[in-house]
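**Student:** One-letter residues, chain by chain:
2 protein chains.
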Amino acid sequence: MFETNNLDKQSCSVDSAISRYLDEIPECGLEFENIRVEESLNRILYEDVIIKMDQPAFDKALIDGYAVKSSDIFHASESKPIKLQIIEETGIEKGEKISIASNQAVKISKGEFLPENADSIISEDCVVREKENISVVRSICPGVNIAKKGEDLLGGEVFIKKNRKIRPQDIGGIIGIGYRQVKVFKKPVITIIPTGNELVSIDAEPKVNQIISSNGYVLKGFVEQLGGTAVISSIVKDDLGQVKSAISKALDVSNLVLVSGGCSSGSKDYTLKAVKELENSRIIANEVDMRPGSHILLAFVGNKPVIGLPGHPVSSMTSFHVFGKPVLKKLTGTPRSLLQDRKDTIKLDAFLAKKISSPEGKEDYIRVRLIEDKNGKISAYPYTGQSSFLSTLVKSHGIVKIPAECTGLYQGDRVEVFLF
Amino acid sequence: MFETNNLDKQSCSVDSAISRYLDEIPECGLEFENIRVEESLNRILYEDVIIKMDQPAFDKALIDGYAVKSSDIFHASESKPIKLQIIEETGIEKGEKISIASNQAVKISKGEFLPENADSIISEDCVVREKENISVVRSICPGVNIAKKGEDLLGGEVFIKKNRKIRPQDIGGIIGIGYRQVKVFKKPVITIIPTGNELVSIDAEPKVNQIISSNGYVLKGFVEQLGGTAVISSIVKDDLGQVKSAISKALDVSNLVLVSGGCSSGSKDYTLKAVKELENSRIIANEVDMRPGSHILLAFVGNKPVIGLPGHPVSSMTSFHVFGKPVLKKLTGTPRSLLQDRKDTIKLDAFLAKKISSPEGKEDYIRVRLIEDKNGKISAYPYTGQSSFLSTLVKSHGIVKIPAECTGLYQGDRVEVFLF
Numbered sequence: 001m002f003e004t005n006n007l008d009k010q011s012c013s014v015d016s017a018i019s020r021y022l023d024e025i026p027e028c029g030l031e032f033e034n035i036r037v038e039e040s041l042n043r044i045l046y047e048d049v050i051i052k053m054d055q056p057a058f059d060k061a062l063i064d065g066y067a068v069k070s071s072d073i074f075h076a077s078e079s080k081p082i083k084l085q086i087i088e089e090t091g092i093e094k095g096e097k098i099s100i101a102s103n104q105a106v107k108i109s110k111g112e113f114l115p116e117n118a119d120s121i122i123s124e125d126c127v128v129r130e131k132e133n134i135s136v137v138r139s140i141c142p143g144v145n146i147a148k149k150g151e152d153l154l155g156g157e158v159f160i161k162k163n164r165k166i167r168p169q170d171i172g173g174i175i176g177i178g179y180r181q182v183k184v185f186k187k188p189v190i191t192i193i194p195t196g197n198e199l200v201s202i203d204a205e206p207k208v209n210q211i212i213s214s215n216g217y218v219l220k221g222f223v224e225q226l227g228g229t230a231v232i233s234s235i236v237k238d239d240l241g242q243v244k245s246a247i248s249k250a251l252d253v254s255n256l257v258l259v260s261g262g263c264s265s266g267s268k269d270y271t272l273k274a275v276k277e278l279e280n281s282r283i284i285a286n287e288v289d290m291r292p293g294s295h296i297l298l299a300f301v302g303n304k305p306v307i308g309l310p311g312h313p314v315s316s317m318t319s320f321h322v323f324g325k326p327v328l329k330k331l332t333g334t335p336r337s338l339l340q341d342r343k344d345t346i347k348l349d350a351f352l353a354k355k356i357s358s359p360e361g362k363e364d365y366i367r368v369r370l371i372e373d374k375n376g377k378i379s380a381y382p383y384t385g386q387s388s389f390l391s392t393l394v395k396s397h398g399i400v401k402i403p404a405e406c407t408g409l410y411q412g413d414r415v416e417v418f419l420f
Numbered sequence: 001m002f003e004t005n006n007l008d009k010q011s012c013s014v015d016s017a018i019s020r021y022l023d024e025i026p027e028c029g030l031e032f033e034n035i036r037v038e039e040s041l042n043r044i045l046y047e048d049v050i051i052k053m054d055q056p057a058f059d060k061a062l063i064d065g066y067a068v069k070s071s072d073i074f075h076a077s078e079s080k081p082i083k084l085q086i087i088e089e090t091g092i093e094k095g096e097k098i099s100i101a102s103n104q105a106v107k108i109s110k111g112e113f114l115p116e117n118a119d120s121i122i123s124e125d126c127v128v129r130e131k132e133n134i135s136v137v138r139s140i141c142p143g144v145n146i147a148k149k150g151e152d153l154l155g156g157e158v159f160i161k162k163n164r165k166i167r168p169q170d171i172g173g174i175i176g177i178g179y180r181q182v183k184v185f186k187k188p189v190i191t192i193i194p195t196g197n198e199l200v201s202i203d204a205e206p207k208v209n210q211i212i213s214s215n216g217y218v219l220k221g222f223v224e225q226l227g228g229t230a231v232i233s234s235i236v237k238d239d240l241g242q243v244k245s246a247i248s249k250a251l252d253v254s255n256l257v258l259v260s261g262g263c264s265s266g267s268k269d270y271t272l273k274a275v276k277e278l279e280n281s282r283i284i285a286n287e288v289d290m291r292p293g294s295h296i297l298l299a300f301v302g303n304k305p306v307i308g309l310p311g312h313p314v315s316s317m318t319s320f321h322v323f324g325k326p327v328l329k330k331l332t333g334t335p336r337s338l339l340q341d342r343k344d345t346i347k348l349d350a351f352l353a354k355k356i357s358s359p360e361g362k363e364d365y366i367r368v369r370l371i372e373d374k375n376g377k378i379s380a381y382p383y384t385g386q387s388s389f390l391s392t393l394v395k396s397h398g399i400v401k402i403p404a405e406c407t408g409l410y411q412g413d414r415v416e417v418f419l420f
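Protein chains in written order, with our numbering: chain A, 1 to 420; chain B, 1 to 420.
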């Protein structure tokens, strides 16, 4: 059995930490809400969308032209045109069911009912109109330019499977089959708690030894990109009581709490202690074998996840990508499709422009800046600067992950870059 | 010279149409606005963000520990610890500049000022505290665990270049260097005009020969994904006067007008006529060699682009991707970076699961559904169904483009799929 009590001083691998943590995040119990279809872009479907009725609901014309019996004009050609009589043209607009006899035709517009006995639509380019008649100069196969009842969609079948992240065209489709509302997963609420005596709010003027609190806004942006609702709490001082109370309050209104800072083992780091003192708390991991961002806290209070992230900007972002992102995906309704994963995690191949060494036993996340040369070759320039540096945060285009057992990469090595 | 008068009956290639159209869209004249940095996610920078002052603004500690002169402890080891006297610890919190003499140290927290004469921070793990002294058991190199003034950022230099689409980490960086506001391109306003006698509004109950107007919502979703503000106008009947007046009104308040439907050459198609009758209008292309979506209208009224899109859902979406997307990118502030392009246009390689044939002389856009097998091989199943079909719209994962000169692809061919 895994003993949580001894864990907080013990380090573990990234994979083991994340899989143990995800396993315990409740799959079911996610809530849903009904929203208007046209407001559902990027939301996650809570249940399958079922086709209400056959589409088309009737055999219909796909182009403007004349509805005909194809057998009537089987031998039509430029040299031997076949004459058809045009019958009534008004009822069709009103949705009345009309029918044609042999050697008759009906002028029809795109989308209208196919008259009974007609089996195809011949376009105006292939006929010569003469008052009440047309001369058809070409033959046509049955079924051409019409859509048969139910050919597009069959009533009762699944139109879109649940868990899809709704795209613009899905909105059009769902409206098209007659729904006004759609059932989607509720957006999870994520409260972000910035901690640190050195932090001041964005509207304050920082003294020389103070820092404007900015990690919260970075995390908020990522949370929103992933489909959550982010709330940034007031800045909390490095004080056990205050950190504890902030987490406790946040838990009341959140599905996930992110504590920014205070996760290291310094004298002013209270995140671990605060979580431990909360009722029903469990620590899943407190230190992981990665760089930057080894000082991470993965915990639960009751069944709600609480993640402590490092305070340095680069470590904070890296840890969020490694741990926060998969948790958030699960909380938003786990869209699992191959394609959604490809869209959420954009990768590209590049060639390393400079040798990098990496400590054995730690997963290393190296920020890189990408530059494409004239021939389309993409080089990745690694940043090995301090994880407190803002410059690498904005100048880097993505991350290269170096596995724990690898001690470095050579210049020219092909690397997979995760764009962010 | 290119003669616009003869053009409307003349077909042209996709590339020629789009390049002529884009060339005429005014590059300059895009407006900017100042917004709060924390609300700038996904907006496009209008000008370079300049670093206000050096960061760090002073030499500072990167970890908790003791600020020391490294030369004092050059010979320190477990067997020969070196004793340093700890001096005053309070001034440093207030931002006062203090200094150490030889064989002195100052207890310091992460982020605090480095005292004068100190050149590195030794962590608490490497010392034994004894009241007013510490015994240091390890040597340290100068510069370790400190950040020098300006090492991260140099005042006056460019922090982020203009035209970047702002990412979460960029928000953190821009706040971190002291900005509260950021200058971004104004979001262009795109009015979408649904036209067609057969259309009814989303809140109406359609009769059997009516269709709920849904293309507008699809286009709205794409416009918003691309960073525009979309407004859907009321449904307009197939009537020259009404179409003309709707376009004219939309132009007053929009940067781009998208007319959905009425672009074909049928008796009820008035988009081209309406645009032609508007003052200062110019038709750039009216028919292009592509499938689906050959009936497209690319025009200007004054210097404002007006695009007419086909009414069938699949054609509408395809034409928007081919023509609307690049226009919108230009109107939002043309983010040009390699990476942004990769993120905006997600592609993957797949193997074609079924032979497809394609007309020579037309670019063909084939919808495909992707299925990954156990070994990670992705197969693309082409949909060749009608472009009016809602089913292929929601079931397809992306598009394969077949060049005009290509007449088909074989089963097993490797294809590049543009995900949508």
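Some hints could be false.
Keeping only pairs whose Cα atoms sit at most 25 Å apart, straight-line, the calculated BS3-like set for lysine-lysine is [unchecked claim]: (1) A/K401 <-> B/K131; (2) A/K148 <-> B/K347; (3) B/K131 <-> B/K107; (4) A/K329 <-> B/K165; (5) A/K161 <-> B/K330; (6) B/K374 <-> A/K162; (7) B/K330 <-> B/K161.
Sample of chain A residues lacking proximity to chain B, with all beta carbon distances greater than 10 Å (derived) [claimed, not checked]: (8) C12; (9) E38; (10) S70; (11) E116; (12) D119; (13) D170; (14) P382.
Cβ pair distances, simulated, as ranges [claimed, not checked]: (15) A/V144 <-> B/P403: 56 to 62 Å; (16) B/Q181 <-> A/L154: 50 to 56 Å; (17) B/N103 <-> A/D413: 42 to 48 Å; (18) B/G302 <-> A/S71: 24 to 30 Å; (19) B/E224 <-> A/D373: 30 to 36 Å; (20) A/E124 <-> B/D48: 56 to 62 Å; (21) A/D341 <-> B/E405: 33 to 39 Å; (22) A/K347 <-> B/K161: 20 to 26 Å; (23) A/I346 <-> B/E224: 17 to 23 Å; (24) B/S201 <-> A/G412: 55 to 61 Å; (25) A/S234 <-> B/S201: 42 to 48 Å; (26) B/S201 <-> A/D413: 29 to 35 Å.
Rather than coming from a laboratory, the hints here were simulated on the basis of the structure.
Cβ atoms here follow ideal geometry from the backbone N, Cα and C, with glycine treated the same way.
**Student:** State for each hint whether it applies.
**Tutor:** Hint check results:
no., hint, in the structure
1, A/K401 <-> B/K131, "violated (44 Å)"
2, A/K148 <-> B/K347, "violated (34 Å)"
3, B/K131 <-> B/K107, "holds (12 Å)"
4, A/K329 <-> B/K165, "holds (23 Å)"
5, A/K161 <-> B/K330, "violated (35 Å)"
6, B/K374 <-> A/K162, "holds (22 Å)"
7, B/K330 <-> B/K161, "holds (17 Å)"
8, C12, "holds (20 Å)"
9, E38, "violated (5 Å)"
10, S70, "holds (18 Å)"
11, E116, "holds (15 Å)"
12, D119, "holds (16 Å)"
13, D170, "violated (5 Å)"
14, P382, "holds (16 Å)"
15, A/V144 <-> B/P403: 56 to 62 Å, "violated (27 Å)"
16, B/Q181 <-> A/L154: 50 to 56 Å, "holds (55 Å)"
17, B/N103 <-> A/D413: 42 to 48 Å, "holds (47 Å)"
18, B/G302 <-> A/S71: 24 to 30 Å, "violated (54 Å)"
19, B/E224 <-> A/D373: 30 to 36 Å, "holds (35 Å)"
20, A/E124 <-> B/D48: 56 to 62 Å, "holds (58 Å)"
21, A/D341 <-> B/E405: 33 to 39 Å, "holds (35 Å)"
22, A/K347 <-> B/K161: 20 to 26 Å, "holds (24 Å)"
23, A/I346 <-> B/E224: 17 to 23 Å, "holds (19 Å)"
24, B/S201 <-> A/G412: 55 to 61 Å, "holds (60 Å)"
25, A/S234 <-> B/S201: 42 to 48 Å, "holds (45 Å)"
26, B/S201 <-> A/D413: 29 to 35 Å, "violated (58 Å)"
In this structure, the earlier hints numbered 1, 2, 5, 9, 13, 15, 18 and 26 are contradicted, and the remaining ones agree with it.
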